[in-house]
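Engineer: Start from the sequences, fold in the hints, and give me the full structure.
Line order of the protein sequences matches chains A and B. The numbers in our numbering rise by one with no breaks, and the one at position 108 of the first sequence is 108. If you want our numbering, it's the position in the second sequence, counting the first as 1, plus 1000.
The set of hints was computed from the structure by calculation and includes no laboratory data. Glycine residues also receive a C-beta, built at the ideal position from the N, C-alpha and C atoms. Accuracy of the hints is not assured; some may be wrong.
Claimed, not checked - From the derived model, a few chain A residues whose C-beta atoms are all more than 10 Å from chain B: (1) L55; (2) K240; (3) N254.
What the hints assert, rightly or not - Only some residues are given here: those of chain A computed to face chain B with a beta carbon under 8 Å: (4) G20; (5) I23; (6) S29; (7) L72; (8) G74; (9) S76; (10) I105; (11) D108; (12) T120; (13) L151; (14) L154; (15) C187.
Number of protein chains: 2
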Amino acid sequence: MDKEAFIISAFNNNFNGDDGAIINDWCFSKDLFFEDVHFKRKWLSLEQIATKAMLVNISDAIVMNARPKFALIGLSLPKNLSLDEIKSLQNALLKTAKEFKIQIIGGDTISSDKIAISITLLSKLNGRAIFRKGLKKDMFLAFTGKLGDSLKGLKSLQNGFKLHKNHRFVRPILRANFFYEASKEICVAMDISDGLNKDLARMLNLNKLNIKWLKKMSKNELISGEEYEILFAFSGKNKKRIQNLAKKHRIKINIFAKTIRGRYKFYGREHHF
Amino acid sequence: MDKEAFIISAFNNNFNGDDGAIINDWCFSKDLFFEDVHFKRKWLSLEQIATKAMLVNISDAIVMNARPKFALIGLSLPKNLSLDEIKSLQNALLKTAKEFKIQIIGGDTISSDKIAISITLLSKLNGRAIFRKGLKKDMFLAFTGKLGDSLKGLKSLQNGFKLHKNHRFVRPILRANFFYEASKEICVAMDISDGLNKDLARMLNLNKLNIKWLKKMSKNELISGEEYEILFAFSGKNKKRIQNLAKKHRIKINIFAKTIRGRYKFYGREHHF
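Structural biologist: Structure (structure tokens):
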């Protein structure tokens, strides 16, 4: 068992193991976004750091089928940031909050040597919660958008290049409206944060299922993390409606596999912890 | 305006400026507990770090008159921690959660170079919420327990000494039962985290009041931070009852001032950010 699984298992209870915890009709989620873990300072502007921190948290709420309403924000900021720099970071948090109709209700601020952002979202369920567990056999697995660009972007950054402000590594693309509308037909879902291969393995192992691939996928598509596209499943009878909703919302969906009995074997490397 | 006030002011709304945010009959609070900001590794064991992180968060809920029910925990842990070390940290989180009947419902774990713990508590109000605002003139100001030992402990640590596991710098003493029972008679409250002098200035400025001192206090008592004793106010007609409840719960309360019209001037140094 890797360290991360070990840590999560210690806190195991009915609420855990998903992107958020559901209590009554609310979803509570929390993510950390730390300098030198999730980003390097030279890769992203302060505005981009703050915006991405918000978006990756909002992504967790969306895939649980919840609309973020309130946020608590923990900020660790280096002492040498100027007031203008702090202001641009704050403005980005406020702008993204406003865009998603989220009210920032509190938090904590400290000074440290690195930027660390911890966001807790309180999100109202849009109908029923969608979990990672509950997948059945003979269901279609799909993901939104396209995969692979995040890793390419990361490699460019590591090679000293800059990314365009709309590159998905800088600013993840969320699929809120499609997902909320399609949620009645969606059985399980999670966002792709650690690469399709790894996230798929998690979902399949949790549900004790295997898949038959319907599509050949490149290694790049399989291992690219921080995509924040949505991995989701639905039954055959809802395929047409899901496809129509994707068309309506002008997004691409890729139906790449069908679930079968058996055990999925993950061949990649555990790199999260 | 110092940087911290600047940061908080940007997020200003009806919810902010207290130890927690109140929505319906719930209180949501979040605190960061970071290595080299709040503690040095050599000062505290991993178990003590985890316990203190929980307790300082629980303290925020108590002074809002809320009982913590659920926690989301964000953990940043150095890669070189052994499984045994991680286990002792987890056990401390779980033990403290159990002691206060808190269920850990989720969170996030990453590896970084330092220990950073971010805790969000979801707490149920025990009747009405108690805020920092709402103080009137001619009220008594009091604090629980005694002040000063936390700073003495910090100085000992800085001089290379160790502290006893029950020293309040290692393990803050919370006054939950007294506070919950006395809450009906308490007008405003906050925990003393930055020193009575500074926290008092915050409370008085927020309420545009000054005080008449009833007691002489030492500099050490005034500036010692991380005490987590409770600063609170009540009107004269409730003095006897507050004193009786303190007796019942076997805690000391110190009625040190009475509020008067005017403006309180804070002479200390802003050191929080």
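Engineer: When the nearest CB of chain B is found for A/L151, is that gap smaller than 8 Å?
Structural biologist: A/L151 check fails; min Cβ-Cβ to chain B is 19 Å, beyond 8 Å.
Engineer: Holds or violated: the hint that A/I105 contacts chain B, with Cβ atoms closer than 8 Å.
Structural biologist: At about 4 Å, which falls below the 8 Å cut-off, the nearest Cβ of chain B leaves the hint on A/I105 intact, so it holds.
Engineer: Going by Cβ atoms only, is A/T120 closer than 8 Å to chain B?
Structural biologist: holds (4 Å)
Engineer: A/D108 was flagged as interface toward chain B. Is the shortest Cβ-Cβ separation under 8 Å?
Structural biologist: Holds, because the Cβ-Cβ distance from A/D108 to chain B comes to roughly 5 Å (cut-off 8 Å).
Engineer: Can we confirm that no CB of chain B comes within 10 Å of the CB of A/K240?
Structural biologist: About 35 Å separates A/K240 from the closest Cβ of chain B, which puts it past 10 Å; holds.
Engineer: Measuring from the C-beta of A/L154 to each C-beta in chain B, is the shortest one below 8 Å?
Structural biologist: violated (16 Å)
Engineer: Less than 8 Å between beta-carbons is the criterion; does A/S29 satisfy it with respect to chain B?
Structural biologist: holds (7 Å)
Engineer: Given a cut of 8 Å on the nearest C-beta pair, is the interface hint for A/G20 held or broken against chain B?
Structural biologist: With a minimum Cβ separation of about 7 Å from chain B (threshold 8 Å), the hint on A/G20 holds.
Engineer: Using 8 Å as the Cβ threshold, decide whether A/S76 counts as touching chain B.
Structural biologist: holds (6 Å)
Engineer: Min Cβ distance, A/C187 to chain B: is it shorter than 8 Å?
Structural biologist: violated (21 Å)
Engineer: Next item in the hint list is A/L72. Is there a CB on chain B closer than 8 Å to its CB?
Structural biologist: holds (4 Å)
Engineer: So A/L55 supposedly isn't at the interface. Is its beta-carbon more than 10 Å from every beta-carbon in chain B?
Structural biologist: Per Cβ check, A/L55 is outside 10 Å of chain B; nearest 15 Å; holds.
Figure legend: structure checked against the earlier numbered hints; hints not met, in rising order: 13, 14 and 15.
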